[in-house]
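With my numbering applied, the sequence shown has no gaps in its numbers, which climb one by one up to 368 at the end.
Everything labelled a hint here was simulated from the structure, so no lab data went into it.
By construction, the Cβ of each residue, glycine as well, lies at the ideal position given by its N, Cα and C atoms.
Among these hints, one or two may not hold up.
[What the hints assert, rightly or not] Pairwise CB distance ranges, derived in the manner of DEER restraints:
no.	residue 1	residue 2	range
1	Glu335	Tyr182	51 to 59 Å
2	Lys364	Asn285	34 to 42 Å
3	Ile333	Gln207	18 to 26 Å
4	Lys330	Val196	35 to 43 Å
5	Asp126	Val196	45 to 53 Å
6	Lys32	Asp155	44 to 52 Å
7	Pro177	Glu43	54 to 62 Å
8	Ser181	Glu256	51 to 59 Å
9	Lys296	Leu352	22 to 30 Å
10	Phe147	Ser316	46 to 54 Å
11	Lys149	Lys125	22 to 30 Å
12	Lys125	Tyr182	20 to 28 Å
13	Asp126	Asp156	35 to 43 Å
14	Gly42	Leu246	44 to 52 Å
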Amino acid sequence: IDLAKEDIKTQKNAFIVEGEFDVISAHQYGFNNFVAIKGSALTKEQLMLLKRYTNHLTLALDTDLAGQEALVRGLEEAEQLDFEIEIVSFDYAKDPDEAVNKDPVKFKKIIKKPIPIYDFIIEFTKKKYPDDDPFSKKKIGDETIPIIAKIINPIVQSYYVKKIAEILNVTEVSIERLIKKFNQRKKYATINSFVKKKSKTSREVLLENYILSLMFQDKNPYLLAEKNISVIEFSDFIIPSHQKLFQHLIDYGKKYEDFNLNKFINTLPQELKPIFDEIYLYASFDHEFKDESMEKLVLEMKKLSLKRKIKEILSGTEEIEKEKQDNLLRITQQLKEVEKKLLSL
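Let's have the full structure, built from the sequences with the hints guiding it.
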C-alpha cells in the first residue's frame, strides 16, 4: 500500500488483486494503484488501511472460481465501511499478471470498464444455474439474496431487490420478505456468538494474536519464531489454532530457506486460512501492546501460560501425587525466572 497510496488517492480507486506478481506486473506497466491482499481474503484490517486513501475499490480477479471466492469474501466488511465496490475480470488470461503482460492495451480497456460487484455476482450465479425451472431459480435466490441482504444503502438494495425479482419472476415483496428473514436469523446468530466470545477474550489470547501477528509481518517470520521457541512452547498457546499456526511456521522454516507469504498461505490447511487472515494485520493498528518489545511480550505470554498450568495442577480433584508435586515445583521455578527477567526489562 505504501507504494500505491499516492496513486490511489489521486485516482480515487484501488485495484485489489490476489498475488504479488499481479501487483509487480501492473506497476511495471504504469498501473500504480494496484495492491495485493495479504492473506487468503480481504479482512477488516486491510480495508481500514485502504479506507484512509479511497472509498472505491475494484476487484481484479483470477479467472478460477477459488480466486473469485477469495476476493468476494471480504464484501460484507467492505459494505460496513461504506466502500463502493466494482469488479473486472480478464477472459483472455488466468490472472492480472498474465493479462497485463499478454496485452497491456486490452488490459487498460478492461480496467476502465468495471461493473458493480453485485451485478457480477448475480450474473455469475445465473450462469451456474441456467435452467429456467423453479428449482434453478430457487438456487439463484439462495445464493444472491444473502449477499443483497448485506447492502446497507437502501437505494442500492432496492435496485437489486427489483433486479432479482425480475430474474426470478417473483414480486419485490417476496424478495424483501426473504431478506428480512435472513437478517433476523443473522442477528440472532450474531448475538449468540457475541455472548459466547465476549468472556473468552482474555489478555492471554490478545497476546497470542499480537505476537503471531508480529511474527508473520516480519521479513523472516520463522527466524523470529526460532528465536523465541526457546521461551515459548507449543503448549503455551491457549488457542489450538494458534498453536497449529506456530507449528506450521516452524515446519515451513525447516523446508524453505526464504519466506514467501503467498506460498506459506497456500501450504496452510483450509481451516487455518481464515484464522491467519484475522491474525496477520492484528498488530498493524493502535494496541495496548504497541510500545512493548517482542522479548517482553513473549515473556509475559510465558508467564500467563505458567500460571495457567499451575492453576490446572492445583485444581485437580485427586490428591497431588509426587509426579504432580515435581511438576508444580518445576513450573513454579520457571515462573520465578520469567518474572525476574520481566522485571529486568
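Results of checking the hints against the structure:
1. Checking the proposed 51 to 59 Å range against Glu335 and Tyr182 shows it holds: the Cβ atoms sit about 57 Å from each other.
2. At about 37 Å, the CB distance of Lys364 to Asn285 agrees with the hint of 34 to 42 Å.
3. Checking the proposed 18 to 26 Å range against Ile333 and Gln207 shows it is violated: the Cβ atoms sit about 46 Å from each other.
4. A beta carbon spacing of about 58 Å between Lys330 and Val196 contradicts the range 35 to 43 Å that was offered as a hint.
5. Checked against the hint of 45 to 53 Å, the pair Asp126 and Val196 passes, with Cβ atoms roughly 47 Å apart.
6. About 47 Å separates the C-beta atoms of Lys32 and Asp155, a value consistent with the hinted range of 44 to 52 Å.
7. Taken as a hint, the range 54 to 62 Å is violated for the pair Pro177 and Glu43, whose Cβ atoms sit roughly 39 Å apart.
8. For Ser181 and Glu256, the Cβ-Cβ distance of about 56 Å falls inside the hinted range of 51 to 59 Å, so the restraint holds.
9. Separated by about 41 Å at the C-beta atoms, Lys296 and Leu352 break the suggested range of 22 to 30 Å.
10. In this structure the hint that Phe147 and Ser316 lie 46 to 54 Å apart at CB holds, the actual value being about 48 Å.
11. The hinted range of 22 to 30 Å is satisfied by Lys149 and Lys125, whose Cβ atoms lie roughly 28 Å apart.
12. The hint said 20 to 28 Å for the Cβ distance between Lys125 and Tyr182, and at roughly 35 Å that hint is violated.
13. A hinted range of 35 to 43 Å holds for the C-beta pair Asp126 and Asp156, which are about 39 Å apart.
14. The given range of 44 to 52 Å is broken by Gly42 and Leu246, whose C-beta atoms sit roughly 24 Å from each other.
When each numbered hint is compared with the structure, violations occur for hints 3, 4, 7, 9, 12, 14.
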